[in-house]
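Colleague: The chain contents come next:
Protein chains: 4
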Amino acid sequence: MSSQSILAFAPGTPASRLNEWLQFFDTNGTTAVQQFLGDAPVILAHGPGVETRAPASFTAPVAKVAVTGDFRLGRRELRPQGTIVRIGDAAVGDGSLNVFAGPCAVENEQQLLACADVAANYGSVGLRGGAFKPRTSPYSFQGLKWAGLELLAGARQHTGLPILTEVLDPRHVERVAEIADGLQIGARNMQNFELLTEVGKSGRPVVLKRGFGCTVDETLAAAEYVLAQGNDQVILCERGIRTFEHATRFTLDISAVALMKQRSHLPVMVDPSHSVGIPALVEPVSMAAAAAGADALLIDVHVAPEQALCDGKQALLPSDFGALMGKLELLAMGLGRKMAGVMRPVLADVER
Amino acid sequence: MSSQSILAFAPGTPASRLNEWLQFFDTNGTTAVQQFLGDAPVILAHGPGVETRAPASFTAPVAKVAVTGDFRLGRRELRPQGTIVRIGDAAVGDGSLNVFAGPCAVENEQQLLACADVAANYGSVGLRGGAFKPRTSPYSFQGLKWAGLELLAGARQHTGLPILTEVLDPRHVERVAEIADGLQIGARNMQNFELLTEVGKSGRPVVLKRGFGCTVDETLAAAEYVLAQGNDQVILCERGIRTFEHATRFTLDISAVALMKQRSHLPVMVDPSHSVGIPALVEPVSMAAAAAGADALLIDVHVAPEQALCDGKQALLPSDFGALMGKLELLAMGLGRKMAGVMRPVLADVER
Amino acid sequence: MSSQSILAFAPGTPASRLNEWLQFFDTNGTTAVQQFLGDAPVILAHGPGVETRAPASFTAPVAKVAVTGDFRLGRRELRPQGTIVRIGDAAVGDGSLNVFAGPCAVENEQQLLACADVAANYGSVGLRGGAFKPRTSPYSFQGLKWAGLELLAGARQHTGLPILTEVLDPRHVERVAEIADGLQIGARNMQNFELLTEVGKSGRPVVLKRGFGCTVDETLAAAEYVLAQGNDQVILCERGIRTFEHATRFTLDISAVALMKQRSHLPVMVDPSHSVGIPALVEPVSMAAAAAGADALLIDVHVAPEQALCDGKQALLPSDFGALMGKLELLAMGLGRKMAGVMRPVLADVER
Amino acid sequence: MSSQSILAFAPGTPASRLNEWLQFFDTNGTTAVQQFLGDAPVILAHGPGVETRAPASFTAPVAKVAVTGDFRLGRRELRPQGTIVRIGDAAVGDGSLNVFAGPCAVENEQQLLACADVAANYGSVGLRGGAFKPRTSPYSFQGLKWAGLELLAGARQHTGLPILTEVLDPRHVERVAEIADGLQIGARNMQNFELLTEVGKSGRPVVLKRGFGCTVDETLAAAEYVLAQGNDQVILCERGIRTFEHATRFTLDISAVALMKQRSHLPVMVDPSHSVGIPALVEPVSMAAAAAGADALLIDVHVAPEQALCDGKQALLPSDFGALMGKLELLAMGLGRKMAGVMRPVLADVER
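Residue numbers (the UniProt record's numbering), protein chains in the order written: chain S, 1 to 352; chain U, 1 to 352; chain W, 1 to 352; chain F, 1 to 352.
Keep in mind that the hints were calculated from the coordinates and are not lab data. Incorrect hints may appear among the rest.
Where chains are identical, the list cannot tell them apart; a pair therefore holds if satisfied intra-copy or between any two copies.
[Claimed, not checked] Here are the simulated lysine to aspartate or glutamate pairs, DMTMM-like style, with alpha carbons at most 25 Å apart:
no., residue 1, residue 2
1, 64, 306
2, 327, 109
3, 327, 26
4, 64, 94
5, 64, 178
6, 327, 94
7, 201, 178
8, 201, 20
9, 201, 329
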């Protein structure tokens, strides 16, 4: 595996100062390219530490790391303070605990608005909902597609919550990105590299779900596909892996949450609902995820789970979701953190 | 899960006779749709066995099956004799043992032609080679892309072997299908349903690799995405799953080979090379796959594995590939089968 | 699978009243046996609910459950308030958060006493330490055996902490049980049923570690081997399972913690150290385990991890252990729980 | 990990000549110990190749290998021709294909003799049958124990086949070894190191089943526990590992069969029955195992599978077993091998 030196510069560093560096590497026989990590210029230079011999007059990088292998722009050393990903007003990665909630799939306007109200009333910072649904079988409900996306836009207007929704096809990215506040890459598409490149180009915040058969290293490598397009607005999402244990739908890899936080500057989300697939386990697993350091949770909530067209059996009832939000608030205090959203007490009462 | 009755009719059954059936279901309050399984008309009727009350004058189906769940058109009961998938002159599924060989990735004309000669001389029925390479990291070699596809076309002309190559992006399917004899869906894309639908529409033969985190049931369900487009030319390919055992790259699920043969009418291929990732294990695992009933093998061969740009370490040397082909021929006899390809003895000697 | 009715009676229920029940079942053609769940008499009756027809004069059971399958005496329904397992003064299962800490293996007196002091000073409720070590290879350090057990007894005298240690061989159980306060069954022995039976008979508290290749259901079934001997002092211990993810040594199954709490009345312990195998992950994973509802944690601490004879690389340094204990205390407040142990501030300062 | 030089000498090498070597190592400051690999003396010397400086007059070892890590006495380099394990008249490891068949559990005399006749008539070289059954639940049938062992001895007398049976408890080894021709260590006990040591001491041939959660490396390390007692009569048995795929009971790791053959001089057995758990898959998986190089197969056969007290659902019917034996004979020819057993045609006809 090739080794690289990566130098990160302060946003706004003039091109002329970066060019000094690039020419210096070139003169010293080292291939170097400039990219952006968000608005911070980054220079990636092949090979063994030529940069230590650079003239003192050069603009010093704000961070520097020598890497072997393919995990580069996402490395924590390049941005020790961490990246904040903004989805609407939510600031995931600022230390607070953010909950995105909503139905697995958008089914119709009434269902979506009811679920969106629950999400909003109990303090979610964003609304999740699938318009395009990747289904194991071609004979299952595939989502309302573009019509579902319109409904999500309506729910955003209704609640004020930003919307987070999955995109499946590179041909759809541009159009979905016009409407959605955040794009979700599903577990089955984590290594759909054409799709990752397109969402990278879109500039939209991306929730990248770990493939259920993929390692942490592969997840970090997949994030590089988005980062390499200059898009640093990436949230890594742990949602369970396939193991021999079938008492739960997947096995949530709680250690991976901490590991990704330590290795990468990107914020980490956890999806307890799809991981466990059992409502009674969503609360304890959500608590665990927050305690392990997750920046955000993604939770299925449905006003009538038994009628859901997709994955209903794992969704929380509104009242259980409310109870969870209350417990998370106390937990956050024990962790020295705060909940990002605000509960809306009056509406919440009505809801009950 | 809904239950279905599926009726398969002989190819050439007149539309008028099928319409009798469709009207009969409609009259009896049963939703029914007509599709094709290759050139055989198939009627899928929801619900509980209305067809048993159809008039005796109706054209009788050649096969009939009641199903629960989402595995439908691929079921063995619909075509007990099995499906033959034709890639160029190769007839995968006719009982013979077919080997497709070649380099993991197309690197340049010289490398490709040298590998193609090896494949042809030792009796392969087709040439494998990747032009578009899905790589874990954006910083790895991504394949020669369209130029690689042109080289594959040249290698086909040179050797007479049909070419099998991977397609990654739904936007590429039409153009790749114009050149390639068979389209390969990689393990990372087994649940890229948009891509599956496009290769289904293309009408080209498809090698569908099992996702390394996916079950046999999910693999069969993924095949339905292709079959549902009227394309029955699908080969299921076992290439190893992710397990805790890391002595080999993946764990080849040999039982799945037999299971897929028993459950589905589609032929089954095995990719020992990517499964084990160790050249010394390719031979015994290939032998095992054939003995378990695989219709075809997909084997990495490279004239200079140590210089390969992608997955070289698992490729067989030409001489080892030749030795394997000899052993497979003897094994096939012990199985009451025959090798599909023909060794070209004179050229093979030159090769050595 | 056979179905059973299980009736639990209050401790102290006279034998004569239980015999009424047993005779009633016998008269009604139902096989029934009496056992004990701790000091509570339990009657297990085969078959379909004869007990509903029992005379009103009979002593009513305090809990009753109909079961199918082999998970019987451990079921939460039989003791909804949960079981408290007492190891020395520690009361695991009373709602508090209990930490057992110490070295993986007892190496010598100096090492053990130093580690024991650290454990005690920072508020552990018990001392862990292996005298008999099950090692993958016969050529690895196998523990100090009986001499190690003597050292553990000395460390108990020195610190006042009860000792928890592993037993490997059914022939050793009686003698180990004379010295140790709690017996640990290692993951490799979870299905060593002869050993389980012996520790059941010993009457000592048992920490039953989940096998790394075993399901939650199998873990609960293994506990039945102990419970069936009338020993209800069993703690279930999650310590990670084998998965394809090798970034950590094992994958801690955090959902299993909650699942076992919900299904069983037995308290649950988590071993973050052996699960992750990386010191930097022990803290977040410990926090997660507590938040998921674990009653106890089992943590490797070593005063000189780099010199440890067994699994040193995963042990926490004393200062890191102290920091963790402080965070757990705050976390417990956020969870509405309390830490069971007491930090010894003066000594702790000296330690630093 | 420490490195070792291992020197194997010809059987019968005089102690005086070995002592020269041991003194030489001692003089050169290298710790060395002498053991036996079967009847071949072996010297294990710590550290870096002192033996290259030994006087030419010393007796030369017949094989020599430098090792790192804990896989020592089982290494193929020490006995490149492979080890033959003799169970009764069977010679497992001599290149032939050996089938051991019988019921999972001994249930009664009639059942055992009927199954034993089937095994014998169709050419098995040994009779399998469990007297002590390790069961997940204490409430399941645990075997006939000592009475079952007596029945096995009777079946041996009846058929002339040697008997292979499981031993669970170190306290039982001596007595079981007096009766059984071969001792089986079950998957759940592969890392029951006390038991491994006892069976090593017994001197009896041992079939060591791979733990379903254990790696190939761990299996080889477990074999060292037996080998280190001077007992080289060990057969490694692959019987499937736990993976996310539940379409079969376990996932047979076919690559491991070849890998163990390449790494170790010990013969390899495969247990298709327990691996797949589905009778229809036993035949193709048996064929695959033989083609991958397995020396032996262990197959459940039952005259009335639906009445079996243990794992009946996976047992082959006599007629299916006979068909398999016929196919294996043809396959063996294709592999240039021969079946070890002899079909008894007259009795076989009666059986049908």
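Colleague: It remains to establish, for every hint, whether it holds in the given structure.
Modeller: Here is what the structure says about each hint:
Within a single copy, residue 64 and residue 306 get their C-alpha atoms no closer than 52 Å, and across copies no closer than 29 Å, so neither meets the 25 Å cut-off. For the identical chains of this complex, residue 327 and residue 109 are neighbours neither inside a copy (30 Å) nor across copies (45 Å), given an alpha-carbon limit of 25 Å. Proximity of residue 327 and residue 26 under a CA criterion of 25 Å is satisfied in neither setting, with 56 Å inside one chain copy and 50 Å between copies. Taking the closest pair of Cα atoms, residue 64 and residue 94 come within 25 Å of each other only inside a single copy of the chain (22 Å); across copies the shortest separation is 50 Å, beyond that limit.
Taking CA atoms no more than 25 Å apart as the test, residue 64 paired with residue 178 passes in neither setting, with 35 Å inside one copy and 48 Å between copies. In this assembly of identical chains, the alpha carbons of residue 327 and residue 94 lie at most 25 Å apart whether taken from the same copy (21 Å) or from different copies (20 Å). Only within a single protomer do residue 201 and residue 178 lie at most 25 Å apart by alpha-carbon distance; the minimum there is 13 Å, versus 29 Å between protomers. For a Cα distance limit of 25 Å, the shortest separation of residue 201 from residue 20 qualifies neither inside one copy, at 28 Å, nor across copies, at 53 Å.
For the homomeric pair residue 201 and residue 329, neither the shortest alpha-carbon distance inside one copy (36 Å) nor that between copies (45 Å) is at most 25 Å.
Of the numbered hints given earlier, the model fails hints 1, 2, 3, 5, 8 and 9; all others are met.
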